[in-house]
Amino acid sequence: MRIVCDSSAIIALERINYLWLLESLAEEIIIPYAVNKEIRSKKGINLPACFRVEEARDKLYIRQNRKYLHIGEVEAIAIAKDIKADLIILDDRMARKFAEKEGLKVAGLPVLLIMAKKKGIIEKVKPIIDDLKRHNFFIGEDIYIEILKLSSEL
Numbered sequence: 003m004r005i006v007c008d009s010s011a012i013i014a015l016e017r018i019n020y021l022w023l024l025e026s027l028a029e030e031i032i033i034p035y036a037v038n039k040e041i042r043s044k045k046g047i048n049l050p051a052c053f054r055v056e057e058a059r060d061k062l063y064i065r066q067n068r069k070y071l072h073i074g075e076v077e078a079i080a081i082a083k084d085i086k087a088d089l090i091i092l093d094d095r096m097a098r099k100f101a102e103k104e105g106l107k108v109a110g111l112p113v114l115l116i117m118a119k120k121k122g123i124i125e126k127v128k129p130i131i132d133d134l135k136r137h138n139f140f141i142g143e144d145i146y147i148e149i150l151k152l153s154s155e156l
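Just so we're aligned, residue 3 is where the sequence shown starts under the numbering used here, counting upward by one.
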């Protein structure tokens, strides 16, 4: 599976020492230059070798859509379209809707956790979601309950 990822999932997983989870789910993890710059300079995160940094080629697409989304999200969408990624990980609601309109298969971090449980990579989703919430990853109560139902933990 080839996954394109923006910064929010990487930052959140790194905060709780679960960055390895992305590597367990994908053969390739691609991030745009803007995401790499953000997580290295602002957050001080050094990524494992399994992460590949790519430049978004469609500069016109990026310029046209930059006013609607964060640069990392726009670049991630552009790359996912270009390489025909299996999945793009975006946690911002507007970015997810934008990517879906582009015909991409989109998921947020909670869906990744459900996928990991179904594949037997993790045993439970709830402790990880709770840890993410303790580390300021916002998950609304309705989404929290839905995640637990989908992972058969409620």
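For the record, the hints were derived by calculation from the structure and aren't laboratory data. Just so we're clear, the structure is a prediction, and the values are computed from it rather than from any experiment. Glycine included, C-beta positions come from ideal geometry on N, C-alpha and C. Be careful, since some hints might not be right.
Straight line, CA to CA, 30 Å or less: simulated DSSO-like cross-link-like pairs of lysine-lysine [stated by the list, open to error]: (1) 99 with 120; (2) 44 with 61; (3) 86 with 103; (4) 151 with 44; (5) 61 with 119; (6) 69 with 126; (7) 45 with 61; (8) 86 with 39; (9) 128 with 151; (10) 99 with 83; (11) 69 with 83; (12) 103 with 151; (13) 45 with 128; (14) 135 with 39; (15) 119 with 69; (16) 39 with 61; (17) 151 with 126; (18) 120 with 107; (19) 121 with 69; (20) 120 with 69; (21) 44 with 83; (22) 128 with 69; (23) 121 with 99; (24) 69 with 99; (25) 83 with 61; (26) 121 with 103; (27) 107 with 121; (28) 126 with 99; (29) 99 with 128; (30) 99 with 61; (31) 99 with 119; (32) 120 with 44; (33) 103 with 135; (34) 107 with 83; (35) 83 with 120; (36) 121 with 83.
Label pairs and their calculated CB-CB ranges [stated by the list, open to error]: (37) 42 with 19: 15 to 21 Å; (38) 121 with 19: 18 to 24 Å; (39) 88 with 50: 27 to 33 Å; (40) 146 with 122: 19 to 25 Å.
These are the hints, each one checked on the structure:
no., hint, verdict
1, 99 with 120, "holds (25 Å)"
2, 44 with 61, "holds (24 Å)"
3, 86 with 103, "holds (14 Å)"
4, 151 with 44, "violated (35 Å)"
5, 61 with 119, "violated (37 Å)"
6, 69 with 126, "violated (39 Å)"
7, 45 with 61, "holds (26 Å)"
8, 86 with 39, "holds (23 Å)"
9, 128 with 151, "holds (10 Å)"
10, 99 with 83, "holds (14 Å)"
11, 69 with 83, "holds (19 Å)"
12, 103 with 151, "holds (27 Å)"
13, 45 with 128, "holds (26 Å)"
14, 135 with 39, "holds (25 Å)"
15, 119 with 69, "violated (36 Å)"
16, 39 with 61, "holds (18 Å)"
17, 151 with 126, "holds (12 Å)"
18, 120 with 107, "holds (18 Å)"
19, 121 with 69, "violated (38 Å)"
20, 120 with 69, "violated (37 Å)"
21, 44 with 83, "holds (27 Å)"
22, 128 with 69, "violated (36 Å)"
23, 121 with 99, "holds (26 Å)"
24, 69 with 99, "holds (15 Å)"
25, 83 with 61, "holds (13 Å)"
26, 121 with 103, "holds (28 Å)"
27, 107 with 121, "holds (19 Å)"
28, 126 with 99, "holds (28 Å)"
29, 99 with 128, "holds (26 Å)"
30, 99 with 61, "holds (21 Å)"
31, 99 with 119, "holds (25 Å)"
32, 120 with 44, "violated (33 Å)"
33, 103 with 135, "holds (29 Å)"
34, 107 with 83, "holds (10 Å)"
35, 83 with 120, "holds (27 Å)"
36, 121 with 83, "holds (26 Å)"
37, 42 with 19: 15 to 21 Å, "holds (18 Å)"
38, 121 with 19: 18 to 24 Å, "holds (19 Å)"
39, 88 with 50: 27 to 33 Å, "violated (20 Å)"
40, 146 with 122: 19 to 25 Å, "holds (23 Å)"
Figure legend: structure checked against the earlier numbered hints; hints not met, in rising order: 4, 5, 6, 15, 19, 20, 22, 32, 39.
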